[in-house]
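Number of protein chains: 2
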Amino acid sequence: PCMIPKDHPRYESLMMRERIVEGYKMGITVLQGLIAHGRGEMFDYVLGEKSHDFALKAEKVAVALMMLSKRPVISVNGNTAVLVPEEISELSKLLNAPLEVNVFHFSKERVDRIKKYLERFGAEVLANCDAELNGLSHGRRIVDRRGIYVADTVLVPLEDGDRCEILKKHGKKVIAIDLNPLSRTAMMADVTIVDNIVRAIPNMIKFAKKLRDASREELEEIVKNYDNRKTLRLALETIRDNLTKIAEEKLRDI
Amino acid sequence: PCMIPKDHPRYESLMMRERIVEGYKMGITVLQGLIAHGRGEMFDYVLGEKSHDFALKAEKVAVALMMLSKRPVISVNGNTAVLVPEEISELSKLLNAPLEVNVFHFSKERVDRIKKYLERFGAEVLANCDAELNGLSHGRRIVDRRGIYVADTVLVPLEDGDRCEILKKHGKKVIAIDLNPLSRTAMMADVTIVDNIVRAIPNMIKFAKKLRDASREELEEIVKNYDNRKTLRLALETIRDNLTKIAEEKLRDI
Numbered sequence: 001p002c003m004i005p006k007d008h009p010r011y012e013s014l015m016m017r018e019r020i021v022e023g024y025k026m027g028i029t030v031l032q033g034l035i036a037h038g039r040g041e042m043f044d045y046v047l048g049e050k051s052h053d054f055a056l057k058a059e060k061v062a063v064a065l066m067m068l069s070k071r072p073v074i075s076v077n078g079n080t081a082v083l084v085p086e087e088i089s090e091l092s093k094l095l096n097a098p099l100e101v102n103v104f105h106f107s108k109e110r111v112d113r114i115k116k117y118l119e120r121f122g123a124e125v126l127a128n129c130d131a132e133l134n135g136l137s138h139g140r141r142i143v144d145r146r147g148i149y150v151a152d153t154v155l156v157p158l159e160d161g162d163r164c165e166i167l168k169k170h171g172k173k174v175i176a177i178d179l180n181p182l183s184r185t186a187m188m189a190d191v192t193i194v195d196n197i198v199r200a201i202p203n204m205i206k207f208a209k210k211l212r213d214a215s216r217e218e219l220e221e222i223v224k225n226y227d228n229r230k231t232l233r234l235a236l237e238t239i240r241d242n243l244t245k246i247a248e249e250k251l252r253d254i
Numbered sequence: 001p002c003m004i005p006k007d008h009p010r011y012e013s014l015m016m017r018e019r020i021v022e023g024y025k026m027g028i029t030v031l032q033g034l035i036a037h038g039r040g041e042m043f044d045y046v047l048g049e050k051s052h053d054f055a056l057k058a059e060k061v062a063v064a065l066m067m068l069s070k071r072p073v074i075s076v077n078g079n080t081a082v083l084v085p086e087e088i089s090e091l092s093k094l095l096n097a098p099l100e101v102n103v104f105h106f107s108k109e110r111v112d113r114i115k116k117y118l119e120r121f122g123a124e125v126l127a128n129c130d131a132e133l134n135g136l137s138h139g140r141r142i143v144d145r146r147g148i149y150v151a152d153t154v155l156v157p158l159e160d161g162d163r164c165e166i167l168k169k170h171g172k173k174v175i176a177i178d179l180n181p182l183s184r185t186a187m188m189a190d191v192t193i194v195d196n197i198v199r200a201i202p203n204m205i206k207f208a209k210k211l212r213d214a215s216r217e218e219l220e221e222i223v224k225n226y227d228n229r230k231t232l233r234l235a236l237e238t239i240r241d242n243l244t245k246i247a248e249e250k251l252r253d254i
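Residue numbers (the numbering used here), protein chains in the order written: chain H, 1 to 254; chain Z, 1 to 254.
Treat the hints as calculated values from the structure; they're not laboratory data. On a predicted model such as this, the values are computed, not experimentally measured, just so you know. Incorrect hints may have been included.
[Unchecked claim] Cross-link-like lysine-lysine pairs, in silico, DSS-like; alpha carbons within 27 Å at most:
1. H:K50 with H:K116
2. H:K250 with Z:K108
3. Z:K108 with Z:K50
4. Z:K108 with H:K25
5. Z:K108 with H:K245
6. Z:K250 with H:K169
7. H:K250 with Z:K93
8. H:K168 with Z:K250
9. Z:K245 with H:K57
10. Z:K50 with H:K245
11. H:K115 with H:K25
12. Z:K57 with H:K245
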């Protein structure tokens with residue numbers, strides 16, 4: 001039972017933290033995932049905890065790209081599973097893109113727990129662990145033969161490592177959700193959504209509903225000319241400018 | 001047993017993470033402490049993971065202030081205990097300032113575990129939990145009658161909350177070690193050391209040795225005219241400029 005009052009100024013942030021901590025007790029998130037969440041919190045704070053225009057644009061392009069793909073897959077790790085189980089399941093259905101459990105700290109038991117947890121929200125969840133991606137040494141090499149292994153586009157929320165590079169080498173398009181625009185994943189992805197996952201997935205659901213009846217040409221028009229470097233540059237500039245603004249306000253007060 | 005190779009570019013950072021994770025398994029750190037550590041990692045990264053001049057200056061002033069104090073105390077929480085047990089014990093002896101275990105997530109068992117852990121490094125550790133500080137509702141109100149309760153200066157590493165404000169209300173001088181120059185603690189402390197604790201404490205040990213034979217006048221000269229607002233401003237400017245620099249380098253590469 002969560003005791004955080006709804007009108008607490010940090011309610012959303014504290015609730016997310018609670019869900020990650022609860023996830024650890026359920027055997028879904030891992031201790032390293034808690035530390036990673038802390039890093040993300042910090043970036044969200046300096047981003048002003050809102051979905052900026054560059055993020056909304058990337059979210060729209062990501063949805064269009066998923067809709068244009070033959071075999072889109074949504075990769076889910078422990079933190080994603082506990083933060084947005086319902087939303088990611090809805091997005092999966094709207095985009096006809098199955099979820100696939102893929103974790104850095106691998107055990108078959110953990111993968112099965114995440115699968116079961118997500119299935120409660122009605123999603124199709126791949127977790128057969130019956131194929132391997134060359135070039136990765138840790139648990140993330142283990143994939144599902146029907147999923148990431150044959151996917152042409154993979155949505156990778158909350159990646160912390162070198163998987164983006166390998167997926168690209170395997171010829172896949174990668175969409176990343178990463179609050180750190182400086183991370184290797186953010187830098188290497190085809191589309192980088194610099195936004196908190198708890199805002200990004202609901203935004204993507206809205207775009208998916210809006211674009212449901214769009215023609216192939218319309219979708220291609222959205223994807224065409226998208227410049228991910230520009231997104232990264234805008235995100236970095238926003239962080240820098242926000243930091244300057246927060247600093248000036250805070251220093252005025254003391 | 002830690003399997004991180006010593007030549008890994010992120011060795012220091014990964015080792016710290018391991019120690020925090022180990023601390024959890026020992027019942028010394030808590031899950032919230034792991035998330036807090038992640039936030040700190042992020043700030044250290046954008047600070048360039050080094051002790052800047054403004055930090056060295058604050059560390060020197062902090063040492064002089066502790067030496068000038070009648071009853072200086074070093075407050076220790078779970079993360080501090082596992083990150084720098086040996087160093088904080090050495091500093092404690094050099095400054096004649098006892099350690100006092102003081103944690104946000106309180107249980108007598110946890111406090112005793114931290115006390116025992118620190119005593120292995122030869123420190124005097126207060127943990128009687130026999131007094132209360134008015135104005136604080138959580139575990140941190142519980143202090144030792146011989147320590148923080150009667151202290152005139154408290155060194156507070158890795159604070160996460162509103163304790164700094166209360167200590168100030170009780171008329172104490174507060175020295176904070178906080179990688180986030182925007183935090184309430186950083187803003188309210190008399191001396192804010194914006195540096196990673198694993199560098200800050202060894203730096204303070206060096207200053208304590210250097211100032212061992214300094215006269216009261218010399219120490220007062222160091223403390224006099226110290227401007228903590230200037231420290232905060234320099235720290236914020238450094239983060240902003242580093243972020244810009246990192247961004248430009250990274251964006252050039254892709």
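Handout entry: Non-conforming hints, listed in increasing numerical order
Key = 1, 2, 3, 5 and 7
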